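Chemist: Two chains, two frames, a set of hints: combine them into the complex.
As given, the protein sequences belong to chains D and U, one line each in that order. Just so you know, the numbering used here puts 92 at position 92 of the first sequence, and the rest follows in order with no gaps. Counting the second sequence from 1 gives a position; the numbering used here is that position plus 117.
Among the hints, a few may not be true.
Think about it this way: if two alpha-carbon atoms lie no more than 25 Å apart in a straight line, the pair counts; the simulated DSS-like pairs of lysine-lysine are [as the list claims (entries may be wrong)]:
| # | chain 1 | residue 1 | chain 2 | residue 2 |
| --- | --- | --- | --- | --- |
| 1 | D | Lys55 | D | Lys20 |
| 2 | U | Lys119 | U | Lys184 |
| 3 | D | Lys55 | D | Lys14 |
| 4 | D | Lys20 | U | Lys159 |
| 5 | U | Lys184 | U | Lys173 |
| 6 | D | Lys41 | U | Lys159 |
| 7 | D | Lys41 | U | Lys228 |
| 8 | D | Lys20 | U | Lys216 |
| 9 | D | Lys55 | D | Lys66 |
| 10 | U | Lys173 | U | Lys216 |
| 11 | U | Lys184 | U | Lys216 |
| 12 | D | Lys64 | U | Lys216 |
| 13 | U | Lys119 | D | Lys41 |
| 14 | D | Lys41 | U | Lys173 |
| 15 | U | Lys119 | U | Lys216 |
| 16 | D | Lys66 | U | Lys216 |
| 17 | U | Lys119 | U | Lys228 |
| 18 | U | Lys216 | D | Lys55 |
Calculated directly from the structure, the hints in this document are not laboratory data. Source: prediction; values computed, not measured.
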Amino acid sequence: GAVVSQHPSWVICKSGTSVKIECRSLDFQATTMFWYRQFPKQSLMLMATSNEGSKATYEQGVEKDKFLINHASLTLSTLTVTSAHPEDSSFYICSASAPPPLGDTQYFGPGTRLTVL
Amino acid sequence: QKEVEQNSGPLSVPEGAIASLNCTYSDRVSQSFFWYRQYSGKSPELIMSIYSNGDKEDGRFTAQLNKASQYVSLLIRDSQPSDSATYLCAVNMRTNAGKSTFGDGTTLTVKP
Numbered sequence: 001g002a003v004v005s006q007h008p009s010w011v012i013c014k015s016g017t018s019v020k021i022e023c024r025s026l027d028f029q030a031t032t033m034f035w036y037r038q039f040p041k042q043s044l045m046l047m048a049t050s051n052e053g054s055k056a057t058y059e060q061g062v063e064k065d066k067f068l069i070n071h072a073s074l075t076l077s078t079l080t081v082t083s084a085h086p087e088d089s090s091f092y093i094c095s096a097s098a099p100p101p102l103g104d105t106q107y108f109g110p111g112t113r114l115t116v117l
Numbered sequence: 118q119k120e121v122e123q124n125s126g127p128l129s130v131p132e133g134a135i136a137s138l139n140c141t142y143s144d145r146v147s148q149s150f151f152w153y154r155q156y157s158g159k160s161p162e163l164i165m166s167i168y169s170n171g172d173k174e175d176g177r178f179t180a181q182l183n184k185a186s187q188y189v190s191l192l193i194r195d196s197q198p199s200d201s202a203t204y205l206c207a208v209n210m211r212t213n214a215g216k217s218t219f220g221d222g223t224t225l226t227v228k229p
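Same shape as in the complex, but just chain U (with noise of 0.2 Å):
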């Protein structure tokens, strides 16, 4: 089992829809967890960090976190084309001093 994995996608919303972005992890002792946001050929950007369990909103973006669970997911409101790319899951565990462990990824195609 990967300590870290998301949908196995790819993942295809119409424009205007919800895209919904689910990751789950191992170590339950994890304390951050990050959405990334990679465009093809591109590094990875910040798109959220959750630390708390609950709801964290910015602009369209809504990140879900249950440590009882032990998942983590991402909701993109009204997505646009310019959604697309691929998503990736982090989770800093304790034991790791501030490594991230990533998931392999959800692409995530916003179709006009």
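Pulled out of the complex, with its shape left as it was, chain D reads as follows (with noise of 0.2 Å):
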């Protein structure tokens, strides 16, 4: 139990052009969506969290009108990185938790290696 798809899990596309990453909980109803970058050889950044039918919060120094977080439904959300430019190519995590019996625990999915050329 407790897994996270996402899709893609890779993309290339042009600067200017915007990137839809999508992110499912296949097996339980999440209430809270998280989504990481993660450049290489670094950590985990958070970039924002996200609970179903509300706005998401974003971490300081993240751009919340280039990174489009939508999280619709207890089993999806959505990062849309927008007029993607080279320095926002990177690898994004999202993962999901969901109430008891889960409780807290975080669990990931594969991630999603953006590459903005």
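Modeler: Structure follows, in structure tokens:
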């Protein structure tokens, strides 16, 4: 149990275009989903926390107009990178948590590798 | 001071040895503690969760929690080359409503 999927697993896009990444909890309802970014050989960096039906809470320094998060249902959250630039190239990972009995554990998706040319 | 600190690493142990990974946290009211393993180029996967003081064993892995000293550790017995990865300590602080604070990770290499 507690499986989280992400789609796509990798994407290459041109500078200036937008990219949407989907995160789904497959076998549980996720009350909260998290979006992280990780650059090579660096730590996980939390970008935002989203709860179903409400606006996402962004971490300091993360541009909410650039990284649009939608959490429309208890099993789906999306991250859209708008007007992507080469510096947005990174590994984007979502995680999901659920109420008991799964508790407050975060289960991670497999990640999406974004390359902006 | 970081909220969650881990051994700076990297840590190298021979195959079959015990690997010891340590983590300290700053918020005394923290409730939940997790160890994740992250292979290079992959996302983190949960190894263990621990909520009460003492030891919790799962196969070759043992998590140890000491809330009074504010540390949590992970022991890997009979280390295998496949255990070579970065290990992340995560702490859920009561004030953060389920959000985990992660350490920077300790990279472990198990040499055959």
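Chemist: Does each hint fit the structure? Answer for all of them.
Modeler: Taking the hints in turn, this is what the structure says about them:
1. A distance of roughly 17 Å separates the Cα atoms of D/Lys55 and D/Lys20; the hinted pair therefore holds under the 25 Å criterion.
2. Only pairs whose Cα atoms come within 25 Å are accepted, and U/Lys119 paired with U/Lys184 is accepted, the gap being roughly 17 Å.
3. Between the alpha carbons of D/Lys55 and D/Lys14 the distance comes to roughly 28 Å, so the proposed pair goes past 25 Å and is violated.
4. Restraint check for D/Lys20 and U/Lys159: the C-alpha separation of about 20 Å stays at or below 25 Å, so the hint holds.
5. With a CA separation close to 14 Å, the supplied pair U/Lys184 and U/Lys173 stays within the 25 Å bound.
6. The hinted pair formed by D/Lys41 and U/Lys159 meets the criterion: a straight-line CA distance of about 12 Å does not exceed 25 Å.
7. For the hint linking D/Lys41 to U/Lys228, the alpha-carbon distance of about 21 Å falls within 25 Å, and the restraint holds.
8. As the CA atoms of D/Lys20 and U/Lys216 are separated by approximately 23 Å, the hinted pair is consistent with the 25 Å bound.
9. Proposed proximity of D/Lys55 and D/Lys66 is supported: the alpha carbons are some 15 Å apart, at most 25 Å.
10. Under the criterion of a C-alpha separation no larger than 25 Å, the hint pairing U/Lys173 with U/Lys216 is consistent with the structure, at around 22 Å.
11. Among the hinted pairs, U/Lys184 with U/Lys216 is consistent with the structure: their alpha-carbon atoms are about 19 Å apart, no more than 25 Å.
12. Annotation: proposed proximity of D/Lys64 to U/Lys216 holds, straight-line Cα distance about 19 Å (limit 25 Å).
13. This hinted pair checks out: U/Lys119 and D/Lys41 have alpha carbons roughly 19 Å apart, not beyond 25 Å.
14. For the hint pairing D/Lys41 with U/Lys173, the CA-to-CA distance comes to about 30 Å; that exceeds 25 Å, so the pair is violated.
15. Our distance criterion of 25 Å between C-alpha atoms is met by U/Lys119 and U/Lys216, whose separation comes to about 16 Å.
16. Proposed proximity of D/Lys66 and U/Lys216 is supported: the alpha carbons are some 22 Å apart, at most 25 Å.
17. Pair hint U/Lys119 plus U/Lys228 does not hold up; C-alpha atoms about 31 Å apart against a cutoff of 25 Å.
18. At roughly 16 Å between alpha-carbon atoms, U/Lys216 and D/Lys55 fall within 25 Å of each other, so this suggested pair holds.
In summary, the numbered hints that this structure violates are 3, 14, 17.
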